[in-house]
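Kindly generate the complete structure, drawing on both the sequences and the hints.
So the protein sequences, as listed, match chains A and B.
Take 1 as the starting number for the first sequence in my numbering and just add one per residue.
Take 1001 as the starting number for the second sequence in my numbering and just add one per residue.
Hints are supplied without guarantee of correctness; some may be wrong.
[Claimed, not checked] Distance ranges between label pairs, derived from CB positions:
#1 217(A) / 1311(B): 53 to 61 Å
#2 1296(B) / 145(A): 29 to 37 Å
#3 133(A) / 1294(B): 31 to 39 Å
[Stated by the list, open to error] One side of the interface only, derived from the structure: several residues of chain A facing chain B at Cβ under 8 Å:
#4 12
#5 16
#6 79
#7 83
#8 94
#9 96
#10 107
#11 108
#12 110
#13 111
#14 114
#15 115
#16 118
#17 121
#18 167
Honestly, the hints are just simulated from the structure, not real lab data.
We put the beta carbon where it would ideally sit given N, CA and C, even for glycine.
Single-letter residue listing:
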Amino acid sequence: MLLEATDIHKTFQEGRETVHVLNGVTLSLARGEIVSLEGPSGSGKTTLLSIIGCILTPTSGRVVIEQHGVNAQHQGELARVRRQYIGFVFQQFNLFPALTALENIEYALNIKGVKGVAAQREAERVLVAVGLAERLHFLPRDLSGGQKQRVAVARALAGNSPLILADEPTANLDSVTGGQVLEMFRALAKQENRGLLIVTHDPKVRAVADRVLKIEDGRLI
Amino acid sequence: MVDLARKNLLHDKLRFVITVSGVAFAVTLIFVQIGLFGGLLDNASVTIDHLDADIWVTSSKTPNIDFAHLFPETSVQRVRSVPGVARADNLIVSFMFISLPNGARENIEVYALEDFSRWHFPWNVVQGNLDDLRRGRYFFLDESAARRFGPFAVGEYREVLDYRLKIIGTTREALSFTTTPIGFMDYRIAQTLLGREWVGRTTYIVAKLAPGADVAAAKAEIQRRLPHNDVYTTAEWSRQSRSYWVESTGIGFNMFMTVLLGGLVGIVIVAQTLYTSTMEHIKEFGTVKAIGGSNADIYKILAEQAVISAVVGYALGLIPAFALVPAMAKGGLKLVITPELMLVVFVGTVAMCLLAAMVSFRKVATIDPALVFRG
Ligand SMILES: Nc1ncnc2c1ncn2[C@@H]1O[C@H](COP(=O)(O)OP(=O)(O)OP(=O)(O)O)[C@@H](O)[C@H]1O
Ligand SMILES: [Mg+2]
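Have a look at this one:
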């Protein structure tokens, strides 16, 4: 199994109050599988994604990625797991404004330890794959929203991370563009055998998902 | 490696210009301060550094070249007989009044030797023949006197200590620390002018050693034979004359304060712009962390930006500093920018900018990658 999250609990301390955001979530994801996670606002979707993505530490519970138990107590270890296994796609794209499309991806690869010509080739490959062969040297400000999200998808796919996590990837796109990005996302995830977890409000995501999970009040239902 | 540091820095051109201007300003200020200081100090020892001697004998406790005291001129015999000494002569250094055509009286500082050529002194003769000084009541006067006392020409007469002397030559760059112009005349003439008190007395003995002679040994032997005088190597005496002014006038402290201030201005400007830049790029740095980057990756970005700002700012600060050299010279001020000074200021500038970058390090360490999911 690519990802196994078992009995994840997460509480936040809000002043004197303890807020229970996740109350024992268990889920798994295989390579090549596309899962959509739906739920009302405030239900804990992003929190769960952050824990699976090794950005947040669960209060209790266990995350296992490709048979490696994640020791969530150590920041350096979490960063290493993120470099090695995980690609992110964010609602706001989060591209580096001073870097071209190509450089954005190259830089992410550099962080992951892929350098020089190898990084450049891989960046070109994924940009061509998301249909931006003509836009390699464009800065983000010269790209449309859909094109920016394609760059972000390409960045998540670059470097063979087996697990791709996306938080509301279509929320900042119009319906048609969002649909196109999702179609492309699905095709690439299948083709390259990645596991894809998409957190969303967007009903269109169901169309591309193999499985739909629903979360409410920190529990899967 | 994609150079995110450089691209981010140049992406915001206005901020980059401000940062670099701040560094350049500090660099120029520091060069001018230290350069002027160096120029002043050069004057404090310029005669010592140019007179072709290895050893200087002074009266006991003479603080610097300009404040000379008298001792018997026959001491020179004892110096001449020291093994290793090739030649030794008496040297008189004394301030003298000079009467101007308009009747005013001013000061010049006179250096008097029996044979100037032998000591390759003065070092920068513009007009005249030094050997003519021996022939009578003549003197050389430095060109800087024109600025102080009005124009003069070779062949004119001036009253020095109420004796009429003819100007038979001019020199350049011969000024005392206090920018008094220096004149040069024959040793015996100087004694005559100075009066009864100076008969048979001198202010310095300068000695040149034979090639290969042991300076320390010769110095020790001279000191042994002249226990009531002080004996210095040229380098020691030069340093002593410079440090006298540094210590007694506070110009050293003054320079130090300005340099400190310049450095501080630079650090504050760079720290301020880098910090604002860090704050504006927090989301990007969060992204760097989310995709697996470490604090060190981000520190490297800030450090590189600091170094780029330092190098560009240094280069831009050096240009006006050099441009000021001739302008200052016109005003009679010497601005000395040596390669050593350039190196030291360069290293200082880079260190200053790195220090400024470190102000942002703490901020970076607290950036939470989870912010990438927030709106
Ligand atoms: N760092 C935090 N400190 C305190 N409370 C938090 C923190 N992060 C999230 N929460 C709370 O946890 C709950 C779930 O937040 P989360 O962002 O996971 O919801 P979500 O399902 O992603 O909502 P949305 O659809 O609006 O993005 C919310 O009530 C939120 O206020
Ligand atoms: Mg959310």
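Hint-by-hint comparison with the structure:
1. In this structure the hint that residue 217(A) and residue 1311(B) lie 53 to 61 Å apart at CB holds, the actual value being about 57 Å.
2. The given range of 29 to 37 Å is respected by residue 1296(B) and residue 145(A), whose C-beta atoms sit roughly 33 Å from each other.
3. Checked against the given bound of 31 to 39 Å, the beta carbons of residue 133(A) and residue 1294(B), roughly 33 Å apart, stay inside it.
4. Hint status for residue 12(A): violated, given a least beta-carbon distance of 11 Å to chain B, over 8 Å.
5. A distance limit of 8 Å between C-beta atoms decides the matter here; for residue 16(A) the minimum to chain B is near 22 Å, and the interface restraint is violated.
6. Nearest Cβ of chain B to the Cβ of residue 79(A): about 5 Å, under the 8 Å cut. The hint holds.
7. At a threshold of 8 Å, the smallest CB-CB gap from residue 83(A) to chain B is about 3 Å, leaving the interface hint in force.
8. The beta carbon of residue 94(A) comes within 5 Å of a beta carbon in chain B, closer than 8 Å, and the hint placing it at the interface holds.
9. At about 6 Å, the closest approach between the beta carbon of residue 96(A) and any beta carbon in chain B falls short of 8 Å, and the interface hint on this residue holds.
10. With a least beta-carbon distance of about 4 Å to chain B, the hint placing residue 107(A) at the interface is held under the 8 Å criterion.
11. Below 8 Å, beta-carbon pairs count as interface contacts, and residue 108(A) has one with chain B at about 5 Å; its hint therefore holds.
12. For residue 110(A), the interface hint holds, the least distance from its beta-carbon to any beta-carbon of chain B being 5 Å, beneath 8 Å.
13. Hint status for residue 111(A): holds, given a least beta-carbon distance of 5 Å to chain B, under 8 Å.
14. Here the hint on residue 114(A) is broken, as its CB sits about 11 Å from the closest CB of chain B, past 8 Å.
15. A cut of 8 Å between beta carbons decides the hint on residue 115(A): the least distance to chain B is about 6 Å, and the hint holds.
16. Among the interface hints, the one on residue 118(A) is violated; its C-beta lies about 12 Å from the nearest C-beta in chain B, farther than the 8 Å criterion.
17. About 14 Å separates the beta-carbon of residue 121(A) from the nearest beta-carbon of chain B, more than 8 Å, and the hint is not met.
18. A least Cβ separation of about 5 Å between residue 167(A) and chain B falls short of the 8 Å threshold, and the interface hint therefore holds.
Violation of the numbered hints given earlier is confined to hints 4, 5, 14, 16, 17; the remaining hints are satisfied by the structure.
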